[in-house]
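Protein chains: 2
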Amino acid sequence: MAKPKFELKTPKGTKDWGGQDMVIRDKIFSTITEVFKRHGGVTIDTPVFELRDILAGKYGEDSKLIYDLADQGGEICSLRYDLTVPFARFLAMNKDIQNIKRYHIAKVYRRDQPAMTKGRMREFYQCDFDVAGTYDPMLPDAEIIRIICEVFEGLGWNKTYTIKLNHRKILDGIFQVCGVPEDKIRTISSAVDKLDKLPWADVRKEMTEEKGLDGEVADRIGEWVVLKGQNDLLERLRSDEKLSANEFMKQGMTDLGLLFEYLEAFNVLDRVSFDLSLARGLDYYTGIIYEVVTEGSAPSTTPSAEQAEAPKPAKKKKGKGPDAEDDDRSNDPTVGVGSVAAGGRYDNLVGMFSGKTQIPCVGISFGVDRIFSITKARMAAATSTSLVRNNEVDVYVMAFGGKGFLKERMAICAQLWEAGIKAEFLYKIKPKVPAQFKAAEVNGVPFAIFLGDDEVAAGKVKVKEMGLQEGHPEKEGILVDLKDMVAEVKVRLERKKQLDQVTSQAEGLKVVDGIKAEETTPETPAPAS
Amino acid sequence: MAKPKFELKTPKGTKDWGGQDMVIRDKIFSTITEVFKRHGGVTIDTPVFELRDILAGKYGEDSKLIYDLADQGGEICSLRYDLTVPFARFLAMNKDIQNIKRYHIAKVYRRDQPAMTKGRMREFYQCDFDVAGTYDPMLPDAEIIRIICEVFEGLGWNKTYTIKLNHRKILDGIFQVCGVPEDKIRTISSAVDKLDKLPWADVRKEMTEEKGLDGEVADRIGEWVVLKGQNDLLERLRSDEKLSANEFMKQGMTDLGLLFEYLEAFNVLDRVSFDLSLARGLDYYTGIIYEVVTEGSAPSTTPSAEQAEAPKPAKKKKGKGPDAEDDDRSNDPTVGVGSVAAGGRYDNLVGMFSGKTQIPCVGISFGVDRIFSITKARMAAATSTSLVRNNEVDVYVMAFGGKGFLKERMAICAQLWEAGIKAEFLYKIKPKVPAQFKAAEVNGVPFAIFLGDDEVAAGKVKVKEMGLQEGHPEKEGILVDLKDMVAEVKVRLERKKQLDQVTSQAEGLKVVDGIKAEETTPETPAPAS
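In the order they appear, the protein sequences are chains A and B.
Taking the UniProt record's numbering, the leading residue of the first sequence gets 1, the next gets one more, and so forth.
Taking the UniProt record's numbering, the leading residue of the second sequence gets 1, the next gets one more, and so forth.
If you are wondering where the hints come from, they were derived from the structure by calculation, not from laboratory data.
Note that CB positions come from ideal geometry on N, CA and C, so glycine has one too.
Just so you have them, the derived chain A footprint on chain B, three or more residues with Cβ under 8 Å:
hint: 1; stretch: 84–93
hint: 2; stretch: 390–400
Here are a few chain B residues that sit away from chain A, every Cβ distance over 10 Å (derived from the structure):
hint: 3; residue: Trp157
hint: 4; residue: Gly179
hint: 5; residue: Asp202
hint: 6; residue: Val217
hint: 7; residue: Arg220
hint: 8; residue: Ala245
hint: 9; residue: Phe248
hint: 10; residue: Val463
hint: 11; residue: Val480
Please model the complete structure; the sequences and the hints are all you need to start from.
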């Protein structure tokens, strides 16, 4: 057959998922889904493409990243850019739904220049949870923060993450008080948003030289936007006479005061950093905004909370610029992936579609591909190889001797399947014994059933746990009547499952729920992953 | 706010999924996934779009239905049309994978004229399971048939489906022996494939008048393609001297003989109808082909197995043509949705990409949207309303009296969430009691926790099972120390879960695993769905 003339690849910025990566990613999905359901979440599914008009005017200058479908006659459509705008469109169309806690796990599309080693792709998954409805202030907002914490604790991140949090109205208030002209507030806001990647001096330069802001105004902004804290920072804002007189500031400070109280009741206040440099690009946010960063995921040149007390904004630049830093650490996939989750309150988006009915919303979007990259890098970096099974088969059914016993193996599999037990056999009429063992071992199948002349003649099978040590009394398997086989296998599977749980807990192993990492013995070094 | 100028809708042939439909569809997915894993399946994920060259030349005249992405600079891409071609491309790219049982559940895209009431859409889900690898003949093929049966039994269809089965080489052999010229075999094959929708007379007309086949040749074909059976039909083919001398026929008959043996060992032979009218449109099939139909899903004008014994092909036309029939029953969503699953063996597709390495494959694709339509229609048609909960919340935490006890409710929820218990509270500082009850009841939440002045003062809560009859000793709930709350709730949830299972089994209720249908009392008629 002639070699095909086209290149054999997936489109730029996309990839196939398979093998252990897929297993790990599925575990991440199920951990996240479990948390979403624990909070009463229900899921919806929307089309992968929308009428182009629906997406228009929602993403600012990022609109150029939208994938369009070809005009093949009929409607003009584009691939979805996120799950938030389709959700707002869904709410506007379904007027009977006035409140909902909805989650949605699906792919979104952005024609970005991908940096694939850093986990950024053109096709990638988002896991969104949003609360829509009119409620008392900050209650859904507080639950979203709690959900973020439960997701990362569920993933075993054990407090190695920070929720950076700010409020659009506080930012706008600061800009007003510092003297930013009304028509420059949005563009100055997006300059501030770069403080997680650029030193203050660069951001100040962008404000003054590129965006024409008065230098003194910029300096006044610079005194505030480098600050971080919690109630202490809120207190500091309140004690500033000019700021506390501003109407936006008042609303934002009331919100955050309530939020901090509620986060304490939810026992997650320590996870939150009130960070005045966080601005978030999207136009539709109206209240609190937040971004989750983890160790190394967003190298910051802004000072820490302690250093921030007496900032000297113009002198923050380090010896190395952020690009150099990026280059130095470009082989570490956990560096520079940006935030691993982000969101905020958007009270006006539904109204942009419905034309009248507003439904206030607040939500969070988890970047699963980034979370995956970090999870995998941590598994590889630990002094352990990961034992991630490709499939979940419980029992491998094998024949011994020259007869192959094909139909007997098939009938035994049918019996096991009937009982819900996951089973395989080798697709050979007369399989060789080593080939059968290899097929079982490559997937870490825990049990085997052996069939030989003696067993078949006696109406029995041998049930054997794989990997038992030499000298173990059941090393050669135990003989069981065919009629008792299913019950025997079920008992042993249940026993093994409980034993594995105990072992995992005793060893304190928890990388991703259900995936157990095992210590490497010195003789078998971890393979490069 | 001004009314937006664009139409608020999803693109043609697409829809949103939410509410109970989403719950039912998710249950269908999990039933199917469970079966796939039981047979050692592992999943992969491929991009929603492929380079256009990958899809070119795979779908015959249906290629016009492919969705193209706009050319925005860079690569030329199209949305995937099925999951089979991307799977073959995946195998060709990953040369280390020589065998795999892979499943893939994802959306595919076809610019068809949709008949949405019949469950046909432009964006729809497929659930595929394929076995790739070089094995002894017909073993993976037999397991695929077994998987089909386990899926539909798992969905509770209880043998109300038939797997129509044929073999490409038997069809080709019959065409050769009957005298179809080599260059007409494919087009005559696709005429035969219409026998599930058209009477023989119409198909014969297409063969002779449209496609220029000799009338006598058509009549000879007509004697065979209306036949159905199992080993009996295979015997009849074998006993025909001309047919049994044909090389294609020999290969096909050997395959089917083996297959029927294996299906007997797997205990599913009774589900299969060897049907010589089944041809399947796609070019890439090389061995057995099959399609699953259910009661009414594919109205057939071909005779039943018994009637088929002595066919008079030219007289099969009924008084009503199939179009009229379609109109008559257009309100029944189970009619005319076509097959609910289909597939076959394709041994040459991977080689079309790799250029040399062939990997033989056999697989099945479940049409979930059609399965969903039928499942839902059956639920509505039964004398029962379905009790499908929208969310899975276990406990609703409520305040009594005027104080609201907001932070106490929040702290209790945090405790429940910490223990993995699904819990909600009303997002109000001082919620009214009826509003809290309504929020719990609308989702069928089974338990409530009450907080009033007395409980809070005593460090206790009331745990109440919802919906208990008047006079039940625990109708008002039981008082529990706050520190024992989680343990108490866990015990009661477990007890209720087991009780519900027993009740469901006793009532013989199984619509979809995990979804319980309850009898309607005469006072509350089932709402139209």
